[in-house]
Amino acid sequence: MENNLPPQIAMSQMIFGYVTTKAIHVAAKLNIADLLSEHGPMDSSELERRTGAHGESIFRLLRALASNGIFKEIENGKFTLTPLAECLKENSPNSTKAMALSAGSLFYKTYNEFLFCVQNGGGGWVKALGAPPFEYLQKHPEEGKIFDRMMTDIHGSETQPMVQNYDFSVFKTVVDIGGGNGEVISAVLNKNPDTKGILFDLPEVIQRSRVNIAAGGLKERCQLVAGNFFGSVPNGGDAYILRHIVHDWSDEDAVSILTQCRKAMNPGGKVLVVEAVIPPGNDPHPFKWLDLTMLMINGKERSKEQFEEVFTSAGLKLNRIIPVTPAISIVEGTVA
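Numbering follows the UniProt record's numbering, with no gaps: position 136 of the sequence shown is 136.
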């Protein structure tokens, strides 16, 4: 990371980065961006009236955020939106509001155990919250809803580039492993009318996905199958998509998931892992930081070499890597 500040000042800013996280979280929790969007520029007294929070404290919060380009102070002590603040709106196409809500609360709690995590090679999330991520979120549905929204906001922008940059028309049947709400398989089928799909996920997820598949007019072309990918996955697919699935798991578990796909797919089939491929060296990459969160849950963001290792252990050969967005690629594998 390079900047023009003296090292001590630059380091101090990074050390107190948690204050920025919490400040953004509170602004999101108070719906300040949505209020400014709906009612126009407002001062702290008007925001006090609309949020029920303390007026002077709101001013101090927004003054600090404005110094980072999040909101802008204009005449008469009023604040207005900036491009960064627009991202904190609920319905912005580039919304990060759910991320702000989750990062400043759920994930914030887990990082109290980051030292334990580094000392022990993982396990920070369970030590902090008492249960693995998906089990915890099932028990805390309100946090689970925000988490699901965050995942949609983060990964939704990848879907169309993914179907544009990879030719799915060569496959008769595409299986989406851990496909969630069906967004990916729906996009694949909508672009490729001769292709059929299988959406595979946990029973409670599949139950919620039925509405989306039916609403998209894909009920006849997309089969919904409930199960657990550590037990088995649907047979007979020509392509198996795993979007942001493999990184949730250790190498041992990743090999197990990939092996299930290899065993189930048709001859000549392909495994398509849609994730970040971490570049070597010191260049910045957002998933180098996300990898620390994956460490907390015993998962891993992987480099090309690390993907080759888990592919090889699963009886697969890494064929090629196809960029989808600046941060995400399709890692394509076939039977070795």
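Some hints here could point you the wrong way.
To be verified - For each label pair, taking beta carbons as the anchor points, the in silico distance ranges come out as:
1) 4 / 45: 31 to 39 Å
2) 320 / 144: 18 to 26 Å
3) 17 / 227: 36 to 44 Å
4) 292 / 169: 34 to 42 Å
5) 4 / 80: 23 to 31 Å
6) 170 / 64: 32 to 40 Å
7) 144 / 114: 17 to 25 Å
8) 232 / 82: 45 to 53 Å
9) 228 / 335: 46 to 54 Å
Since the hints were made in silico from the structure, they are not lab data.
Think of the CB as a built atom: it goes at the ideal place given N, C-alpha and C, for glycine as much as any other residue.
Hints versus structure:
Taken as a hint, the range 31 to 39 Å holds for the pair residue 4 and residue 45, whose Cβ atoms sit roughly 37 Å apart. Judged by the Cβ atoms, the range 18 to 26 Å given for residue 320 and residue 144 is violated: they are separated by roughly 36 Å. Under the hint 36 to 44 Å, the C-beta atoms of residue 17 and residue 227, about 41 Å apart, fit the expected range. At about 38 Å, the CB distance of residue 292 to residue 169 agrees with the hint of 34 to 42 Å.
Range check, residue 4 to residue 80: about 28 Å between beta-carbon atoms, so the 23 to 31 Å window is met. With their beta carbons about 53 Å apart, residue 170 and residue 64 fall outside the hinted range of 32 to 40 Å. Roughly 23 Å separates the CB atoms of residue 144 and residue 114, a value that falls within the hinted 17 to 25 Å. Evaluation of the 45 to 53 Å hint for residue 232 and residue 82 yields a pass: the beta carbon distance comes to about 50 Å.
Restraint check, residue 228 to residue 335: a C-beta distance of roughly 23 Å breaks the suggested window 46 to 54 Å.
Checked against the numbered hints listed earlier, the structure breaks hints 2, 6 and 9; every other hint is satisfied.
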